[in-house]
Amino acid sequence: MPVTYEPIATQTLTSDQTQVTFSSIAGTFTDLVLVKTGGQSSGNMTMRFNSDSGTNYSGTQVFGTGSGSGSSDRYSNQGTMYINYSNATGNSVTTIMNIMNYANTTTNKTVILRNNDSAFYVGAYVHLWRSTAAITQIDLYGSPNLQNGSTFTLYGVKAA
Amino acid sequence: MSPLPPLGSFAFAGVSGSFESIATVSVGSGGTSTVSFTSIPSTFKHLQIRAICKVNGTASDFPDFFIRFNGNSTYTDYYSHQLGGDGSSAYANNSGGSSTATGGIVGDINGAQFTAKIIDVLDYANTNKYKTTRSFSGWDANGSGQARFGSNVWLKTNAITSIDFVVRSSPTTIQQYSHFALYGIKG
Numbered sequence: 001m002p003v004t005y006e007p008i009a010t011q012t013l014t015s016d017q018t019q020v021t022f023s024s025i026a027g028t029f030t031d032l033v034l035v036k037t038g039g040q041s042s043g044n045m046t047m048r049f050n051s052d053s054g055t056n057y058s059g060t061q062v063f064g065t066g067s068g069s070g071s072s073d074r075y076s077n078q079g080t081m082y083i084n085y086s087n088a089t090g091n092s093v094t095t096i097m098n099i100m101n102y103a104n105t106t107t108n109k110t111v112i113l114r115n116n117d118s119a120f121y122v123g124a125y126v127h128l129w130r131s132t133a134a135i136t137q138i139d140l141y142g143s144p145n146l147q148n149g150s151t152f153t154l155y156g157v158k159a160a
Numbered sequence: 161m162s163p164l165p166p167l168g169s170f171a172f173a174g175v176s177g178s179f180e181s182i183a184t185v186s187v188g189s190g191g192t193s194t195v196s197f198t199s200i201p202s203t204f205k206h207l208q209i210r211a212i213c214k215v216n217g218t219a220s221d222f223p224d225f226f227i228r229f230n231g232n233s234t235y236t237d238y239y240s241h242q243l244g245g246d247g248s249s250a251y252a253n254n255s256g257g258s259s260t261a262t263g264g265i266v267g268d269i270n271g272a273q274f275t276a277k278i279i280d281v282l283d284y285a286n287t288n289k290y291k292t293t294r295s296f297s298g299w300d301a302n303g304s305g306q307a308r309f310g311s312n313v314w315l316k317t318n319a320i321t322s323i324d325f326v327v328r329s330s331p332t333t334i335q336q337y338s339h340f341a342l343y344g345i346k347g
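So the sequences go chain by chain: G and F. Residue numbering for the first sequence follows this note's numbering, beginning at 1 and increasing consecutively. Residue numbering for the second sequence follows this note's numbering, beginning at 161 and increasing consecutively.
Accuracy of the hints is not assured; some may be wrong.
As the list claims (entries may be wrong) - List of simulated lysine-lysine pairs, DSSO-like, C-alpha gap at most 27 Å: (1) G/LYS158 <-> F/LYS205; (2) F/LYS346 <-> F/LYS289; (3) G/LYS158 <-> F/LYS289; (4) F/LYS316 <-> F/LYS289.
Since the hints were made in silico from the structure, they are not lab data. For clarity, every value in this text was computed on a predicted model and none was experimentally measured.
Use the sequences and the hints to build the structure in full.
Right under this line is the structure:
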């Protein structure tokens with residue numbers, strides 16, 4: 001029986017890094033799932049596809065911090081995708097990203113993800129990369145760092 | 161390397177046969193009013209639907225399309241709750257006794273972008289329980305968008321053997337290039 005949900009690659013940091021890259025991603029799956037656990041510098045972790053730094057990224061999120069009602073905001077026309085946020089260096093920030101139909105060359109690319117900073121918030125985000133190109137590379141960036149011990153695992157999900 | 165559980169499911173990835181692709185529907189030219197998965201085997205523990213999809217229609221149409229189980233469209237057999245954000249504020253709502261479960265499904269009327277959806281149908285073949293779905297969906301159109309969680313109950317103990325995604329009303333259609341994939345998760 002073929003494996004439908006398959007690990008592609010894992011990176012576990014042995015020192016603080018400013019960037020983590022998954023390259024040469026095969027187009028043989030339907031969706032990608034990228035799971036990040038571990039600490040990061042205070043601020044945003046961001047992401048780009050295929051080294052595109054043009055203002056082709058946007059997103060909408062809903063989140064709660066445990067105080068008052070939930071909140072929602074968005075960004076538009078940015079040169080990077082805002083994936084998560086940590087309000088203090090060292091907080092454990094977990095993110096599960098679903099990169100849907102990543103290899104199709106007809107539609108723009110949508111990412112839906114859930115994330116949380118264990119000491120700050122829980123939230124969900126939807127992102128758009130306005131490009132019909134198949135995704136072959138994913139770059140994740142800290143601000144400035146993704147911390148030693150963080151783990152990044154990329155899975156492929158394959159439909160019939 | 162130890163595989164991690166897929167989002168929204170309880171199976172462990174990387175083990176042959178534990179997360180299986182059952183069927184896929186890709187919408188062709190001209191669109192369609194209904195996407196269906198039929199003759200769903202009862203051999204799994206849970207189901208997951210992963211989709212990108214878009215509907216169009218007139219501005220007066222409610223921008224969702226809906227899930228029906230086993231062809232059941234009875235008004236009082238479904239209930240749903242949703243939590244979402246529209247980029248300005250968070251909101252929560254419910255649809256009591258709706259003729260179809262909304263499942264937190266969102267569509268962009270006449271928009272250029274597709275909605276991504278992940279829907280978990282839990283313990284779908286159990287004939288001793290009502291059926292619960294959990295959904296996570298969202299779309300963004302660079303200045304507009306929504307991110308939404310949904311939970312639904314189908315007030316029937318029947319095993320689920322078919323799932324329909326149905327537009328609310330004509331002339332709304334599920335548009336070309338929409339893609340729905342049904343997976344089974346073994347327990």
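Results for each hint:
1. Note on G/LYS158 and F/LYS205: the hinted pairing holds, with a Cα-Cα distance of about 19 Å set against a maximum of 27 Å.
2. A threshold of 27 Å between alpha carbons decides the hint, and for F/LYS346 with F/LYS289 the separation of about 18 Å falls inside it, so the pair holds.
3. Of the pairs offered as hints, the one joining G/LYS158 and F/LYS289 is violated, with about 30 Å between alpha carbons and a cut-off of 27 Å exceeded.
4. With a C-alpha separation of about 7 Å, the suggested pair F/LYS316 and F/LYS289 falls inside the 27 Å cut-off, and the hint holds.
When each numbered hint is compared with the structure, a violation occurs for hint 3 only.
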